[in-house]
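Those protein sequence lines, which keep their order, are chains A and B.
With the first sequence counted from 1, adding 1376 to any position gets you the working numbering.
With the second sequence counted from 1, adding 1376 to any position gets you the working numbering.
The hints are simulated quantities; they were obtained by calculation from the structure and are not laboratory data.
Check each hint, because a few of them may be wrong.
Identical copies carry no separate label here, and so any pair may be met within one copy or between two of them.
As the list claims (entries may be wrong) - Below, computed lysine-lysine pairings styled on DSSO-like, alpha-carbon distance capped at 30 angstroms: (1) 1402 <-> 1749; (2) 1705 <-> 1403; (3) 1628 <-> 1778; (4) 1402 <-> 1778; (5) 1710 <-> 1394; (6) 1579 <-> 1789; (7) 1706 <-> 1596; (8) 1625 <-> 1795; (9) 1705 <-> 1749; (10) 1381 <-> 1749; (11) 1795 <-> 1403; (12) 1403 <-> 1697; (13) 1768 <-> 1381; (14) 1723 <-> 1700; (15) 1553 <-> 1723; (16) 1795 <-> 1768; (17) 1402 <-> 1706.
Here are the chains, one letter per residue:
There are 2 protein chains.
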Amino acid sequence: MNTVKGTRDFLPAEALIKQNIIERMKKVFETYGFQPLETPALESWEVLSTKGAGGEEILKETYNFEDLGGRRIALRYDLTVPLARVIAMNPNLSLPFKRYQIQNVWRYGDVAKDRFREFLQADIDTVGSNTMVADAEIIACVISTLTELGFEKFKVRLNNRKILSALVKYAGVPEEKVIETFRIIDKLIKIGERGVEKELIGKGISKEASKKILEFIKIKGDLVLEKAEKLIEDKEGIEELKQIISYLKSMKVEPKFEIDLSLARGLDYYTGPIFEVFAEEGIGSIVGGGRYDKMIGLFSGKDVPATGISFGIERIIEVMKERKMIEVKKSNVKVFVVAVNDKVRDKVLEIVQILRNNSIPADFDLRSRSLSKQLDYANSLGIPNVIIVGEKELESNSVKLKKMDTGKEISLKIDDMVKSF
Amino acid sequence: MNTVKGTRDFLPAEALIKQNIIERMKKVFETYGFQPLETPALESWEVLSTKGAGGEEILKETYNFEDLGGRRIALRYDLTVPLARVIAMNPNLSLPFKRYQIQNVWRYGDVAKDRFREFLQADIDTVGSNTMVADAEIIACVISTLTELGFEKFKVRLNNRKILSALVKYAGVPEEKVIETFRIIDKLIKIGERGVEKELIGKGISKEASKKILEFIKIKGDLVLEKAEKLIEDKEGIEELKQIISYLKSMKVEPKFEIDLSLARGLDYYTGPIFEVFAEEGIGSIVGGGRYDKMIGLFSGKDVPATGISFGIERIIEVMKERKMIEVKKSNVKVFVVAVNDKVRDKVLEIVQILRNNSIPADFDLRSRSLSKQLDYANSLGIPNVIIVGEKELESNSVKLKKMDTGKEISLKIDDMVKSF
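For reference, chain A alone in the conformation it holds in the complex:
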């Protein structure tokens, strides 16, 4: 008896953390006007393998199988392709369609300590707007979400695929090596300048071109866009980033964003601004996304502009747990009501029910245990308050309230009980 390889259970302590984080993220998404969407776990292979929607790397890891009726089915690989399908199937949706989606995805890849075959993603996307305000809003929402979760030292790194395209043109990279070049550029933080240069040359990019690329992608500082502008011919990508930054300023969003000309992102379908957040160096990205103005057209037959971002919730949770940004508890019961002896057990039922009817999470013994065993159980779940029901106190309609952290006990009238929590 075991879980399937690459999957895991979330016992209450883990599930409570996950729920807490999901609820807080949802609240921020909704204040930004994103509405929930849910799509099925099952998609047809036809949908998932739509040419240009994902590319080879995605297809390689798609969790697919033949169903009992002989159809090739794939489990939801990400939340972007299902969104494109929804847009195609619902041509009368009011645009822009701003949706968030928080659902599991499945990938049939190698399994490792932090690599699962079933894991949770949260995406926000704006479909049907080609203005950079939409991208600025996505970035503002990412900043608000991470801030709400308690992250402080993070930056949303920004770049634009159009800048990278202008760069490879300026450097003279041949058309067929462009995507590969983007992938290598993206590794700058991970493998350093020498590493990037070596890989570029290894892929047959000329020494001169490699040098031009490297000089460009390592431009830093306040005037990065102005400096970049001087080197490349096509300025559209730079113009778009300038607009985004200007919109973010109008929104008075905290400047937790920066231009990073080495950011490229792996997916093929990005067409404009791209975004990424690293929680800290080394750990990899916790949020990533960008504009994809052509992808939905592959499904709907006509181009619909879109931009959006994906949060790797489980990686975010790992970071938050490591940094003690979130409390781990086995139960969110607030009060455990114990019976001193069997004579008062009926009264315990009544008292528990009074608490519950007042929306106070309350529990009691279901195993006819002794007083000390009842206290042990409450303790094992980390329940902070215990109400002790004894015959003597009941004569004056009272109970004892014990705070489990200090051990302090006070007497409490049953009528005043609800007010204490």
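Got chain A; can you put chain B on it based on the hints?
What follows is chain B alone, placed relative to chain A:
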């Protein structure tokens, strides 16, 4: 491009309803001390086909396939078998283990208007308690949950498998026909007395036995247990129901429950009290469950008593929609901020962001539309408030607030804006 047969998307209007109902259910479950559990969508065939866990009827509908590694995998069929596996895999869990679980399940069955292959269930179960208090608590929680959702005229129907066993013994039904007899008994409400008699005789139950069964299962009224007691020899099941009712009285739970001796429930693994709620006659059950003291032992090797119940959330949602018990809305944005012309668009960004920073769901135009088109969009999503930003008002740091239901407009200082929502 379509959804896979038997599955469907939940666009925002539907997803908002589902979320609202899930949140309200969760809140009640948590006040009753149930903690969340999540299990993977994928289970090994070995787990799902454990003998006695489900029975043939379940295996027939299990959504199973061979994965890319040649393993036989099944999608989660229900939430009870995964719970049993979790208990077996975690022998050190504090008992009782009270968990709720709200997740999708998949069944490869016939597809019809209201029959899907992927649908949502919500279960609460108490594992590790053999006292009838646990069953009473489950019933109390069901009553609180349905009351919270706005249901008024419902009854939790109660019976006990031990009573049914005593009945078939008293009627002289041969051992090998017992399960089949239970299934026919369960149809009393659906097919009536004549129907039940006909089916029993059709299955080879004697006329005399059928008569005895029918007379017993149609006993009604206040003294149903007392009347039943006189007929059958083994009184344990009746004793248990009396205890449950007594506990519910101690809890002062509204008497939205009743004994129904014709209730049998389909699953093989029930061993004691069984529960069911019909939203109304004809529509079928929306909640069902019971005690299963032997099932977990099939996984863990030693018996662990358990009792619990399953809510068919999607059926509950259907009923609530039909009866207009829930508001349908396409968006939960509270305020849409419109720009009178392009000059004020930057100010719109600032105003929207003030609202969002104060947790007020707010949105604005992302398509550079005219004033009237902006209003049309807000209207199409049913957003109740519109803030109109115009140059003249901005001179005095004001905006106009328009209530979309009445069309009434008032002037508002930007500094006082947040207080208005």
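Quick rundown of the hints versus the structure:
1. In this homomeric assembly, residue 1402 and residue 1749 come within 30 angstroms of each other (Cα to Cα) only across copies, at 28 angstroms, whereas the closest approach inside a single copy is 40 angstroms.
2. Taking the shortest Cα distances, residue 1705 and residue 1403 sit within 30 angstroms of each other both inside one copy (22 angstroms) and across copies (17 angstroms).
3. Taking CA atoms no more than 30 angstroms apart as the test, residue 1628 paired with residue 1778 passes between copies only; the shortest distance there is 25 angstroms, against 48 angstroms inside one copy.
4. For the homomeric pair residue 1402 and residue 1778, the shortest alpha-carbon distance between copies (27 angstroms) is at most 30 angstroms, but the shortest distance inside one copy (36 angstroms) is not.
5. For a Cα distance limit of 30 angstroms, the shortest separation of residue 1710 from residue 1394 qualifies both inside one copy, at 19 angstroms, and across copies, at 27 angstroms.
6. Taking the shortest alpha-carbon separations for residue 1579 and residue 1789, neither the intra-copy value of 79 angstroms nor the inter-copy value of 61 angstroms comes in at or below 30 angstroms.
7. Taking the shortest Cα distances, residue 1706 and residue 1596 never come within 30 angstroms of each other, neither inside one copy (46 angstroms) nor across copies (44 angstroms).
8. Taking identical chains as interchangeable, the C-alpha atoms of residue 1625 and residue 1795 lie at most 30 angstroms apart only when they sit on different chains, with a minimum of 25 angstroms there against 46 angstroms within one chain.
9. For the identical chains of this complex, residue 1705 and residue 1749 are intra-copy neighbours only, at 20 angstroms inside a copy versus 50 angstroms across copies, given an alpha-carbon limit of 30 angstroms.
10. In the homo-oligomer, the alpha carbons of residue 1381 and residue 1749 never lie at most 30 angstroms apart, since the shortest distance is 38 angstroms inside one protomer and 52 angstroms across protomers.
11. Proximity of residue 1795 and residue 1403 under a CA criterion of 30 angstroms is satisfied in both settings, with 28 angstroms inside one chain copy and 19 angstroms between copies.
12. For the identical chains of this complex, residue 1403 and residue 1697 are neighbours both inside a copy (21 angstroms) and across copies (25 angstroms), given an alpha-carbon limit of 30 angstroms.
13. Within a single copy, residue 1768 and residue 1381 get their C-alpha atoms no closer than 56 angstroms, and across copies no closer than 64 angstroms, so neither meets the 30 angstroms cut-off.
14. In the homo-oligomer, the alpha carbons of residue 1723 and residue 1700 never lie at most 30 angstroms apart, since the shortest distance is 40 angstroms inside one protomer and 39 angstroms across protomers.
15. Taking the shortest alpha-carbon separations for residue 1553 and residue 1723, neither the intra-copy value of 77 angstroms nor the inter-copy value of 44 angstroms comes in at or below 30 angstroms.
16. Taking the shortest alpha-carbon separations for residue 1795 and residue 1768, only the intra-copy value of 22 angstroms comes in at or below 30 angstroms, while the best inter-copy value is 50 angstroms.
17. In this assembly of identical chains, the alpha carbons of residue 1402 and residue 1706 lie at most 30 angstroms apart whether taken from the same copy (23 angstroms) or from different copies (16 angstroms).
The structure is inconsistent with the numbered hints 6, 7, 10, 13, 14 and 15, although it conforms to all the rest.
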